[in-house]
Amino acid sequence: MSEQPILEIKKASKSFGAVQALIEVDFEVRPGEVMALVGDNGAGKSTLIKGIAGIYAFDKGEIYFEGKRVHIHGPRDAAALGIEVVYQDLALADNLDVVANMFLGRELVQAPWRLDEAAMERATVETLDSLAVTTIQSARQIVAGLSGGQRQAIAVAKAVMWNSKVVILDEPTAALGVAQTRQVLDLVTRLADTGLAVVIISHNLHDIFEVAHRITVLRLGQNVGTYVTAESDQQEIVHAITAGELQFVPGMAQE
Amino acid sequence: MAQTEATPGTMTVSTSAAERQKQLIYTLSRVWAWAFLLGLIIFFTFAVLGTTDGRVKFYSIRNTQSILVAITPVLLMGLGQTFVIITAGIDLSVGWVMGLSSVVSAIIVRDLAADGMDVTLAILISIVAGIVAAAIVGLINGLIIARLKVPSFIVTLGMSFIARGAAFLIGGGMTIGGLPPELRNLGNESLLYLVRAGEHSGLYFFKAPELSRADLRSLDRIFTWPVIITAVIVVVAIFVLRKTQFGRHTYAIGGNREAALRAGVPVDRHTVMIYIMSATTAGVAGVLHTARFSGGSAVAGDPLLLGSIAAVIIGGVSLFGGSGTVTGTIIGALIIAVLQTGLVMLNVDPFWQFVVVGIVVILAVLIDQSRDLIFGRAEAA
Ligand SMILES: Nc1ncnc2c1ncn2[C@@H]1O[C@H](COP(=O)(O)OP(=O)(O)OP(=O)(O)O)[C@@H](O)[C@H]1O
Ligand SMILES: [Mg+2]
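Protein chains in written order, with the working numbering: chain A, 1 to 255; chain B, 1 to 381.
Just chain B, same shape as in the assembly (with noise of 0.2 Å):
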């Protein structure tokens, strides 16, 4: 190990010119994700009105409503992938295991409901065996990673493409519609309404006021039921990868397997819940989206797989193992997200999205190692 004296601990020791230029440069490299989000948030905010006369604003309820929804998906994703990637591995599965449990469990609800069944309980059924089945494939990811030492990103992408097969047959390679009405309200009704206009004008809880269609177009639904249950899994994995024995180990191993190993970590026990859970996460995201759309849809997860990866990788999550944040991952999945809302106001051709994402992916971890390089490779959290 050859480390110098410039490490972060020791630096609050001295207090020469250059330690204090040394850890402005830290400190900004450590925050530059979110001066980031800031600054775009704000060019968009301006470069929105401007270019529209005043008539449109970036900046409104229904746009960051509209942004968190969409973001849902990738973050669920990138949750899991999150814990993944810092122990040092990859999942490239959980795209078309999204689309597996979306089909899954798409299939069980309408033939539950269509057998006649108390449709709240096909739901809760159909919810847990779409997750049920994601999980089953992320056990299957763990147990060939961990005892069979298959490197995780030949297991995940072969496993993406049984996951793809199966999705397909199971269904029939349509997307399964007919599902109960109920279930699209899971996806689409919030825990608020806010109605900016008309006779009904204000803030309602869980439940709209009866609306002309006029009156609709001034329904603002704040915070769905997918924006909560994606918001509540959040603040569960901060918990438990900051707070908890199963966050430290998966620090841990990330960092040095053979240290935890040695200090007596179940290290193949702790790896296989790991793909457990990032295929879970994956499953919710599944399930959500056979609510939202009222419909089953084998390809549901396939084009957020990248961006998911992105938003960890952008999020300052190391590919190395050993560090990163879920805080990050959240930061990492609104940047790609306002950078697309903000692009699409500003009637910039679409496919420039995908150039301006790729080039923040690569210049996050060009800084990252820019850091890594002054200071050494070594932060947790």
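Isolated chain A, as found in the complex (with noise of 0.2 Å):
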């Protein structure tokens, strides 16, 4: 694992009119490794996320790539640096196959405009192998008839087929049983094992203490602490959590 941050967030802030999501929130990922964002309900994490992931911009603060300062407007912008997110609500189109899934707004077009499903195919089925996601049967299954765990591994492995170098999962086992869970859980941790930067949301510190390196608490919109999960308990996350020591007042806007 490096050293170096692969992404970098310094000096967050959000509001939604009267409501301050983050407040100069910091946050950090190395590659090859899972750093966990976890804090109560409306802590803020979600914004985080959206705000790196293009959704919306941050209304202050800094985010670093690779050591250099960028700019992300857009869905595509963070795309393009290499940032994939999965969303709480997964956002697949149940009505279309893994394939047609894997490849939306990104599809491979041959010359002169028909689609070239059997490169997409070929793609996403060495994707799946690759992850070893062997539970999905065929790649041209409709995705409306997967179970919560096969669609959740498609929304991953989606996520790391463009090149990613950072994958973002917002509370990627919430809907799913003991099993699947598992099955998610394990993928986590082969993302990290191939380099990639992983961050994970999760209210199951359970789960967290499980696969994450690295745990970084929100609390009312602010950062109250990054732990290293080694060195740390289940215990002073949850104290972390709930009565985290608060830098600025919460509710009075920092003009």
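None of these hints come from the bench; they were simulated from the model.
Heads up, a few of these hints could be off.
Selected chain A positions facing chain B (Cβ under 7 Å, derived; list incomplete) [as the list claims (entries may be wrong)]:
#1 F65
#2 R69
#3 P75
#4 R76
#5 A93
#6 D94
#7 N95
#8 L104
#9 G105
#10 L108
#11 V109
#12 A118
#13 E121
Cβ coordinates follow ideal geometry from the N, Cα and C atoms, glycine included.
Dock the two chains into a complex; use the hints.
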């Protein structure tokens, strides 16, 4: 694992009207690392990653990627840098098959206009194989018929297929049973082993202690600490989540 | 997503009797429209023979050709509508857009020809003008729906009134006649001519032989130009929907607009394109109407609008978006046309046509729904 962060956020702030969702939040993740992002409901976790993904812009703050200052104005900018997000609500098109979902928005096209179905299917199967996703029988299956774990696996596979460098997973196991959670956690570990930087949001500390190398805790829109998993325990994290020390008085605009 | 194992993809694995039965029901529910069309043709073939003591045949070249000619405008409007409905929208304006395009093209060809312009050039310009007029309406529809997020039902309902008003205002409320005779050829002449009797009997390409008044009755025009033009557009539409990125995005937007957005699909631009397409195919129908009847008529398309939507629905396009095919729409249009022609030949009061078509529309949706209940709403193509 490298010591240099591949992605670094400095003093990111974001308000929605009167609600201050983020206040000068610092955040980083290194290649080959699983960084967990935890916090209570409404702590600002999704807001932070949506800012990174270009869904909306931070009001203030800087983003550094591979040491260089970058500006992310939309999902395409983030994707161009190699940042991929798997959202809480998945964002798969149920009516399309696995291949179509994996390549949605970035379809391979043969001259002149025809979709290159064979190449897309090959790449899909390769990616699923490389991630050791064995539960999906056919790449031509319609997504609506798949289980939660299979859908999650496809969403993750879709994120890593594009030579991505940072993969962000927002509550990837929230809706899953024990066995399927197991599969997804294994997948997360394998991603980091291949050198990817992985950010995982979860409310399940047990899961996090199993896969994460470090843990960043958000509380009321502020970073109240980043912990090395091996040197911490669940109690300490729970304390940080519920009563971590705040730098700024919540609810007051910093201006 | 509460999905059970009962999905088409995994069904092949299981071979229990119950599963096989389900598979059968599923297959039947997919192909019922084809089977129904075939059944109708067989039924009318025998029924017409029976009621006329064999004097009239339902299945004849002439009858087939008149069905094809009759469905071209319905099919053209249905094509654009298929794309629109797959994205979970609807375009109620195409009826009057067809009328607008008919009027615009008629006025332009009349005035240009009257000014002494070369007739072929005048016809070409009028065709382009009629289609462009329609496309502009589609562009406005699309921009309001995509950018201002007004529901398509409302935008296109409003636009249908606007197009209606515009068509009557431009045309002065009258059918526009006095068009050059060459235009009529485009609308009525054909690729093949079959002379079934007399000294000239035989098959001719592009040009019919000089025929006496008596022999003219045994002349069949096979594949008139409007039919050929429509067929070409149909083939293009099938290709676009099934094989291209544009088609893929059309399904994706209808299936999960949010997912398409996040995946970087240009959803707004795509939506605008789809409404332009819908209006454009209606525009082609309008221009062809002008050519076929040698006159521009504002009311050309309005009676066909609901029929075209019915064809799309009978063809299995879900109003919820995300599923449907062009071939389905063709079958739907054929079912309606065959029903209408067949009932007329059986001397059934023509108003019964409407009742029957209505029943078929509702039945079609019932069949699709019961399939969805059993198997989940998940079929793209
Ligand atoms: N689009 C929005 N408009 C207005 N307020 C928003 C918006 N998105 C988030 N917020 C507010 O910002 C705060 C942080 O929300 P966020 O979704 O980032 O929390 P979270 O940590 O992801 O919570 P959860 O664990 O419930 O997913 C909340 O108070 C939320 O109500
Ligand atoms: Mg969240």
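- Message: For a quick check of understanding: which of the numbered hints are violated here, in increasing order?
- Response: 1, 2, 10, 12 and 13
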